[in-house]
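Q: Sequence:
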Amino acid sequence: MAERAITITKNFDLNKISLDFTKELNLSGGMVIKDIVKKNRGGLDINGDTIKPLRPNTIAAKDGSDPSRALYDTGRMIGRGSVKGVGGRGPYLSKKAKKTDQETIVSVAKDRESIGVYHNEGTKPYTITPKRAKKLSFITKDGWVSASSVDHPGLPKREWFGISKDAIRDIMRMVELRIEDRIKRA
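For the sequence shown, this note's numbering gives the first residue as 1, with consecutive numbering after it.
Source of the hints: derived by calculation from the structure; they are not laboratory data.
Each residue gets a CB set at the ideal place from its N, CA and C atoms; glycine is no exception.
Errors might be hidden in some of the hints.
Distance windows between CB atoms, simulated [as the list claims (entries may be wrong)]:
1) Gln-102 / Lys-184: 21 to 29 Å
2) Lys-157 / Gln-102: 50 to 58 Å
3) Lys-96 / Thr-129: 41 to 49 Å
4) Ala-133 / Glu-103: 43 to 51 Å
5) Lys-157 / Lys-134: 29 to 37 Å
Here are the computed lysine to any residue pairs in the SDA-like style, where the Cα-Cα straight-line distance is at most 20 Å [what the hints assert, rightly or not]:
6) Lys-110 / Gly-30
7) Lys-62 / Asp-142
8) Lys-62 / Lys-141
9) Lys-62 / Ser-114
10) Lys-184 / Arg-173
Working from the sequences, and respecting the hints, build out all of it.
A: Written as structure tokens, this is what we have:
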């Protein structure tokens with residue numbers, strides 16, 4: 001990523017400049033969340049590439065969901081209330097910056113953390129075996145099937161969570177404008 005430089009050509013009193021970036025940090029967290037949700041709703045990953053579609057058996061298991069919206073069919077990964085910072089659905093602002101703690105954290109709902117990581121990083125092939133029954137029972141594109149185990153091909157990498165170059169650019173511009181404004185007032 002290219003570095004940004006700020007040139008200052010004015011004499012000013014540093015004591016008059018607030019170094020409290022609470023508002024900017026919290027706005028940045030919201031910008032990241034909106035970017036994740038917008039890209040995912042458009043069928044894109046965090047890099048702006050098309051998210052790998054669901055396999056036919058997965059679509060069948062999810063009652064014919066739209067394969068172009070691989071991580072949005074139920075709304076649990078990218079929740080409808082997530083932009084407002086509501087926990088429990090999709091990415092949300094799990095920690096807001098305060099004047100004494102200049103850190104903002106965007107998280108995934110606790111009940112979606114592990115599946116979110118699996119999608120974000122992908123998985124190698126693995127075997128599924130029943131835990132409470134003698135056989136697995138599941139639906140495929142061909143109908144219901146029972147098996148004593150299944151060799152899952154693994155999940156493809158679908159980078160849905162992170163900070164995109166677009167979000168970084170927008171956040172940097174917002175912060176630059178706010179710093180420039182503070183310097184002008186100093």
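Q: Quick one: are Gln-102 and Lys-184 within 21 to 29 Å, going by C-beta?
A: Between Gln-102 and Lys-184, where Cβ atoms are some 22 Å apart, the hint holds.
Q: Regarding the pair Lys-62 and Lys-141, is the alpha-carbon distance no greater than 20 Å?
A: The given pair, whose Cα atoms are some 11 Å apart, holds under the 20 Å limit.
Q: Below or equal to 20 Å on CA atoms is what counts here, so check Lys-110 against Gly-30.
A: 19 Å, holds
Q: Lys-62 and Ser-114 were given as a pair; does the straight-line alpha-carbon distance stay at or below 20 Å?
A: 19 Å, holds
Q: Could you check the hint for me, namely that Ala-133 and Glu-103 are 43 to 51 Å apart, CB to CB?
A: 46 Å, holds
Q: Measure nothing beyond the straight line between the CA atoms of Lys-184 and Arg-173; if it is 20 Å or shorter, mark the hint as holding.
A: 16 Å, holds
Q: The hint says 41 to 49 Å between Lys-96 and Thr-129; measuring C-beta to C-beta, is that right?
A: 43 Å, holds
Q: Kindly confirm whether 29 to 37 Å is satisfied by the beta carbon distance between Lys-157 and Lys-134.
A: 34 Å, holds
Q: For a C-alpha distance cap of 20 Å, please report whether Lys-62 and Asp-142 respect it.
A: With Cα atoms ~14 Å apart, Lys-62 and Asp-142 stay inside 20 Å; holds.
Q: With respect to the beta-carbon atoms only, verify the hint that Lys-157 and Gln-102 lie 50 to 58 Å apart.
A: 33 Å, violated
Hint compliance for this structure: hint 2 alone is broken.
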